[in-house]
Each structure stands twice: as structure tokens, then as C-alpha cells.
Amino acid sequence: MGYFSNIFNGIKTLLTGMSITGKYFLNSRKGAITQQYPDNRETLKMFDRFRGEVIMPHDENNEHACTGCQKCEIACPNGTIEIIWDRGIDEETGKKKKKIDQFVYHLSMCTMCGLCIDVCPTDAIEWGQNFENSVYDRTALTRVLNEPESKVRAGIED
Amino acid sequence: MRIPLSITDNIQEWLVSMMSESAASYVAMIIVALIYLGIFAIAGLFLVLIERRVAAWFQLRIGPNRVGFQGLLQTMADALKLVSKELTGTDRADKFLYNLAPYFVIISALMALGVMPFTKEFQAFDINIGIFFLIAISSIGVIGILLGGWASNNKFALIGAMRSGVQTISYELSVGLSLLTMILLTGSLQLSEIVEVQKGGWLIVQGHIPAIIAFMIYMIAGTAETNRAPFDMVEAESELGAGFHTEYSGMKFAYFFLAEFINMFLIAAIAATVFFGAWLSPFGITESIPWLGVFWFLAKTLVLVFLMMWFRWTFPRLRVDQLLTLEWKYLLPINLVNIVIMAFIVWQKLIIQI
Amino acid sequence: MQETTTINNNFKSEEYFINMGPQHPATHGVLRLLLTIDGEIIKKVEPDLGYIHRSIEKMCERDSYQQIVHLTDRMDYLSSHINNEAVCLTVENALQLEIPERVQVIRTIIGELTRIASHCLWWGVMGMDVGALTTYFYGFRDREMINDIFEETCGARLTMNYNVPGGLMWDIHENFVKRVKDFVAHFKTKIPEYDRLLTGNVIFQKRTKGVGILTKEDAISFGVSGPVGRGSGFSCDVRKYHPYSALDKVTFNEALRTEGDTFARYSVRIQEMWESLSIIEQLIDNIPEGEFRVKTNAVIKLPKGEFYQKVETARGELGVYVISTGTKNPYRLKFRSPGFSNLSALSHMATGGKIGDLVATMATLDLVIPDIDR
Amino acid sequence: MTNETLQELLGSWFPNPEASVASEPVEVTEGEDAIEAKEPINPSLLEFTEEGSQFLNVLVKPENLHQLMSKLKTTAETSFDYLFCLSGVDWGTDLGIVYHLESTKHRHSIVVKVKTEDRENPTFDSVCDIWRTADFHEREVFDFFGIKFNNHPNLKRLFLTDEWDGFPLRKDYVDEINMVVK
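Residue numbers (full-length UniProt numbering), protein chains in the order written: chain V, 1 to 158; chain Z, 1 to 354; chain W, 1 to 374; chain F, 1 to 182.
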């Protein structure tokens, strides 16, 4: 009799499986998990902590908080960050002070590990939530993060 | 030879008024063939679309919905793309057989459509051995698969082809025997007669228990005949990559692909004809409007096609030896016993007649 | 009699080679298997590795200890958090840092979530390998919820790099607890569904039971670990024998099966999902308050010596073996990756089976190629 | 088993012949009881240390390696049946292998090290007849350190191509194109 009970049990398990997929089939209208990506661009918001790219926020006076201490450059495992710096004369104290000329960020080499942002003493760099990083030319992935003519916010010391 | 109950007659009568009788019969055949070819090439494409949408709905997805309204033109676009693609092949392949294989598969699939009774009138070719013809034709397709797999000069394709041979030889038996069970009820192989008998109730009702068993066996064996999951040993993408059509591209691949869907339609259509009364409406509700037969026929067929899709998107694939175990240890013995039971029922007039 | 021999000679079967991979749907990456087969029967399996070898061990020798952590994300990317934790634990133990309880609990919760996420993906792919394509999407749907939790708290979905030597990069997000609870409630209804869809299925059971058998002795000898070992009755859960982080504060059962076949390994993973859920439930309501990070030196120098840390990733026992000479870089760092040892048993398990068995066996090994290639 | 008893037991397996010149040369393959009875305080050929490691470290001479390993596996008191890590190490002057062993029965661990100064043609005995996992691990070591193993069934490159020049994980390996040195 084992022969027939095998058949019946087999068919029963098959029908159980079909009931699961059948249930999803009937609820397919609201159950779909597809993200229709380019269409939902408006509503697609990344989480605050999402690591899309490294950015350097500037305030309304075109000032940033980077003192050029190069800690991020040392912390980076891949050589993603290159800081080209210069010595300038501080207007108030008249002393010589390090300032950045260009904060070069190679997005193409970045692994989004977050060590640079972690070590930054002045919180000059942050995570940007942009995730659409594809470009036609690879050189476009090398970015200068500080805006032209920008300078260090007053009172920021490393 | 008179072919009754067919649209060929009507076309032929119209042609005879213009030319000689022999010429007219040839022209009529060609016209009908072209009509069928056109209709089913398109229908095959839509079946592909249906499969993709149904699969998507089973899988919490949306499916193709970009090209045309709700993706209606998606498969057309795909077909266009496939036509425009380069045909690649392997070195040292048997070029002649390699090129021949897809045509074998697609032609055998299309040929079987000729005898399908869509309505009382819309049937191209109503021969008196209709069921026999269908079974015979549907197993020619496997030769194409064997040829394709062997001629590709690819080991994965060869394994796929050999599996296909094993599978079809085994499951042919079950398809044939389960249909034979039903023929005990009808007493005729001619499809129009089979439909005629069902005016007194669909065969699955008339034959009750053995008919239901025969239907289940037929659906299992039929799914196996079309090489679809859970019997897709031939392709088995997680084992063989793409199986027998690994080396095919472009339109030749599309032929294989299309043939699979037309075959699926065929298996479902045969089931609809033999078990569910073809174009007969349930309880004769639309008997007064004969052209609605097409609707009923397609509705029944598509429900069965949907069932096969449901199988495909739910079940894991069998292993090749389990496939044979299922056939030879389960389906075949049950089938043989079932025929005896059916014969007994017919003999004792235990048929349910409405 | 004479004739029979001739006929046999004419139909002599011939063994032939098949290249499975490096681009093959069932090898889950760029694993290449050289199969010697006779018809459908597999005579020999020889893995060919190294298609994505990046020599992480060599890279570690020039990186600082903080930088090493993010490299481990790229090994077994499905249990990246646990890999990070392994390196951090090694460094912390070497420096004898006192890690706040809050950090330990959060690490454990995220570690178990990682395990569930990895098993979800494995379940989907396992179904797909045996031919049930729909499981893939159901598995991914549930994994997606975990990935969202990770993204909100850690900032990334896969390569999270949330651990730093001394603690965590950030504190948990305010929604974390709620989201995890939602997930636990959701997933508790889904595992029975997994069971009904695939586990109970007669075809699936036929495909997996008695296939790819690995006995306990062989399992130990091959050094397999994780669910593969436990499916063979080899009690090897590092969380039990060498508990780390908050794992000594929770109670859970080690999922253990003795059959050693593919179905046993499958069942162990399903059981592990339940156990992980229970661990999360025990911890999520009482995450202790406190610091999320201990201050470490900007340049971490490990004392001279050798350090070994084991953790249980979703695939098995990950060992981090550090030889330090007292400088800021490790002198030698070896990752004992679970997938590497598990793969070495594949040939033994698959020989004599059919091609379909090989695929099913490989699916339950749950191979992640970067973990093997490192 | 504690580390002390392990050390005692293991040391007795390989007595140093120089330390017992007076006594008869001892066959190392003999039963351990006999050896223990003869020279209980015999200094061993093995060097033990626990310094800077959480395990007991044993340094063994290459010629005794295979014998020690098979004894570690088969002796009931030790029964180290689980080789959980096998790493090649380049100690600058020496090349060596570190075996991490655990017993699934007694749950104790030990680290066995073996070194050679021969950098041209370093060779050790293979242990893959004792633990089958060593098959792959030894191939990996061969691939990256160029250490050869006697009696290995299939000793060829595992990750790198056969044409690869040099052994990347050695400290003196240079590749100016692909390696970025900080």
C-alpha cells in the first residue's frame, strides 16, 4: 500500500506548493516588489547614512571646513583622496598656515569604507546620497571637492 | 477524398469558381497553411508574453510592461531583435543538420495545429485518425532536438539532446495510453467525432474517475513532452547552461523557443479537445452562436496552459533517473490499469450522461 | 560468446571532460569545475580556482588594522559584517580592549541578521539550482528587508564596514529596533511558507535526500564547518564552543543533523534561521545603554605575537590568524575561509552522482567565490 | 587536556638523543609507554612555547613532522582530528608552515610549526593523508610560498596560472606593476 500512499502524499505536497505560488499570483497586484527605477526617481530617497560618494559641504559664503590636515589621505586604503595644499598667510594672525588648493577625490577608486570621514577632525567631508555615478568618460569620476575660490571657515583648527 | 466539416471546403468552393478543381485544392491548401502560419506565429509570441507575465505575477514581479500597452508588443520587439541578430555556430559542427534542426522542431509543432477543431467550421484538416496523427506529429519534434544537440558539437548540447531522447521515448507512451483511455469512450479517432460525442457531457465527466486519472497522467506526460519544467531536463539551465540549444542564436534559437510554446499550446489544446469538449460551451449556454466556439476552445486551452505555467513556476526539476522512475514505475502501470477500468466502465455502461 | 564481446567493445562507454564554469549558472560566480563524466555519472570533479583572486592577504600586510576591516567585506560578501567583526575582535583581543556591552549586543544582532540574509539568498538560489525558479524572488524579498535595515544603520547594503577596531562606526539608527522587530514578525510567517513551498515538496526531497553524502569522519577530515559540517553531525558551531561578542549571553540550539546528505544541510540552514531569529529576539529588547565606541590610538600597533580569532559566518568557521611584529601592519595575516575547506569536500561528495546531484550538492555548500579566492 | 600535560606527552614522543647519550638509541616508533619508562625527564626534539599566543606552540623539525602529526591524530589522549588552519609563513630567513589543530573530542587546540632555511627548494612532508583538508591548503601554500610537499597527490598551482613567476606571499616577492606599496 506504500505505493499508493507515496503517490497521494506526493500529490499533496505538490498541491501545497502550488497553493503558495497561487496565493502570490492572486495578490500580485499589490505584492509586486519591483522597483520601476527610472520612473520612481522622484520618490526614491536614500537613507541619510547611505554612502554614495564623499562630498565636501560648503556654506553660503563658499567656505568649507577642510584645513588640509591630510588625515583622510593617510586613512584611505586605496589612495582615493589626494590633497594638493599650499601655505598661505593667515590674515588675522599673520602666521603661515596650511590651506588646501585642491581636494581631489577619485570616485573610481573609492570603496566607500568611510575611514576618511571617520578620521576627519573638522567634519569637513561627509557622505553624499547620490548613487547615480555612471559617466561616459572615466575622467569625470575624478572630482575636486572644494569649490573654486572657496576657503576655510574662520575658526576651524585641526 | 472528401474532408468534412472544414474551412478548406469553403475556401475550395470559392476557388473552384475561378480555376480548375485540382489547382483550386492546391491553392486552397497553401492559403490555409499561410493563414495558420501567420496566426500561430503571432499566437506563439503572445504565449511567450503570457508566460512572462504569469511568471512575473507568481514571482512578485510586474513583468514586461514597457513596449506597447502593458507590454503587449514586447515579444514582437524581441522577435525583431532575434531576427536581426547574427547567427553564430560552432566550428566543426555538422552544418547541414545543425541548420535543419530548428525547422524540424517548428514545422512539427505547426503541422499538428492543422487538425485542431477550433469550432465546428474552423478546422483545416479533419482526418479520421486525428488523435493518432497528433501523437505521431508531436513526437517528430524530438528528432529536431536530437539533431540540434548532436550537430552542435557541444557536450552540454549533446547531453541535453540525449536526455530529450530518453524523455520523449518514455513519455510518449503515457501520452498515447492516456488518450487511448478516452478513445474507449468515443470509439473514434476523428477529432470532430470526439467533439460530437461530448455533446452529451464532456468526456472528463462521462468517464468520471478513470477519466480524471487519465487527465492527470496526460497533463504530467504532456508537460514532459514539451520539455518544460519540472521536466526541463533538456535545457536544465542550472545543469547544462541552455541544453540542446546552447549553440543556437538569432532566429534559429527563436524557432526552438517558439516551438516550445506552440507545443505547450498543442498539448493543452489536445487536452481541451479530448477531455473538455473542445469548442462546446459548458451546458450548451452559447450553442446558438457557433462562432463563440473559438472563444470557448481558447478559454479552455489557456486555462490548461496556465496550469502548465503554474507547474513550471512552482516545482523543482526532477533528476534524469527520477524522470524515468516516474514514467515506468508510476505513470505507465497506473495507465494500464486505468485502461482496463475504463474498458470495464464502458462495457458496463457506467458512463455519466447528461 | 565471441560476438557478445565484439558488441560490447563497439558500445564501450567513454569518459569525457566537461568544463563547468567559470561562466555557468550553477557555479554562482567564477568557479570552474573540470568534470570527468561517463554519460550522466560524475567520475571526478576538480575545481579550478583563482579567477577573482585579489590576494587580500598580501594587501593586508601593507594596510593598517583599520584598513584591513574593509577588505574583509569583499571576501564573503554575504556575511560581511561577521567578517569585519572577526578582524575587529582579533585586534581588540590583542590590545585587550574592554568592549562596551552595547557594542557587543549590536554586533551580535547585526551578525545574526547577516546570517539570516545570507541564508535567505542561499534558499532562493538553492531552489533555483534544483529548478524551482520562484523561490529566488521570495528569498530575495525577505533579504531586501534586512538590507534596508543595514542601509539605514550602516550606510551600505552589502559591504557595510560597520565595525571598527574598538566598536562601531556609528550608533544604531533610531528606527533600528522597530525595523528589526517588524522583520522578525514578518519572517516568522515566511519560514513556514518556505517549508511548504520547497522543503516538503516531493520532487525536492527526491532530489536532495541521500545525495552528496558526507560522513562525520570525512566532514572533520575535510575540515568543513558551518551548516555543511553540522549537516554531517559534526558539531562545529563556533558560537557554541568559542562564543564571542554577546553570544555567551543568549541561549540557542546548535542545528545538527546526522544524515550528512544534501537535505540535512538544507534543514540545518532552515533551522539556523529559526535560531538566529530567537537570538535576535532575546537581544533586541534590551540593548544596553552606553558607548558605541572605545577610543583607540589613531595608529593601532598590535603587540608582538600571534593571534587567532574564530567566528561563525553564515558559511562556517572563519579564522583570522595574525602574526604581529609590533608594527602598525600585520606581518602575516591569514584568513581561514570556510568556503575554501567546504569546497575541498565537493569532489568527494559529488563523485558517483549525476550532474543534477552535483548541482544540488554545490547549492548546499553555499559557495561564495570571493570567499574561496580571497 | 591542559597545555602542560600536552607538552609533557608530546615531549615524550620525541626524546632528544643527544640528551641521553648513555642510554640506548630509542626507536621513536615504539609505544609511548616504553619511552616514558626509559627517560621521563628527557628533553625533547620539539620546542614548546606559549609566549605571545593563546595556544600551545610546538616547533618541530621537518623530518619529524609527519610522524608527530599522525601521532597527534591517532593517539586517543590527543586525537587532534580537526585541522582548522594551515598557513604558510615567510619569517624572513625561514619559510615555514603553521598548523592549527583542534580536537573535536577533547576540545583542546595546539599549534604546530615547522620551518626550513632552504628558500630555494623548501620541502616538507605532506599531511593530506592524515587530514584530507590539507590537500587544498597545501596547494595554496605551494602556490603562494613555493613550499613543496612530499607525497602530495596533486601538487600544482591552485589559484595562479602555471606560468606565474615567483611566489607572491613571500616577503621578497616584487611585482612593480601590480603591487602598490605604501
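Calculated from the structure, these hints are not laboratory results.
Please note that a few of the clues may not be correct.
[Said to hold, decoys possible] Covered stretches of chain V (in silico footprint by chain W; criterion: 3 or more residues with CB under 8 Å from a CB of chain W, positions within the stretch not fixed):
{"hint": "1", "region": "56-66"}
{"hint": "2", "region": "132-143"}
[As the list claims (entries may be wrong)] Chain Z regions said to be covered by chain W (calculated; three or more residues, Cβ under 8 Å):
{"hint": "3", "region": "50-61"}
{"hint": "4", "region": "193-207"}
{"hint": "5", "region": "231-237"}
{"hint": "6", "region": "316-326"}
Backbone N, C-alpha and C define an ideal beta-carbon position, used for all residues, glycine too.
Three-residue Cβ test at 8 Å for the coverage of the region 132-143 of chain V by chain W
violated (count 0)
Please check whether the region 56-66 of chain V has three or more residues whose CB lies within less than 8 Å of a CB on chain W.
That given contact is violated, which follows from only 0 residues of the region 56-66 of chain V lying within Cβ reach (below 8 Å) of chain W.
Given as covered by chain W, does the region 316-326 of chain Z meet the bar of three residues or more with CB within less than 8 Å?
Coverage by chain W holds here, the residue count being 7 at a Cβ distance below 8 Å.
Quick check: the region 231-237 of chain Z, covered by chain W? Criterion 3+ residues, Cβ under 8 Å.
holds (count 3)
Check, residue by residue, whether the region 193-207 of chain Z contains three or more positions whose beta-carbon lies closer than 8 Å to a beta-carbon of chain W, and give the verdict.
violated (count 0)
Establish whether the coverage given for the region 50-61 of chain Z by chain W is satisfied; the threshold is a Cβ-Cβ distance below 8 Å, and no fewer than three residues must meet it.
Since three or more residues must qualify, the claim that chain W covers the region 50-61 of chain Z holds, with 5 doing so at under 8 Å.
In summary, the numbered hints that this structure violates are 1, 2 and 4.
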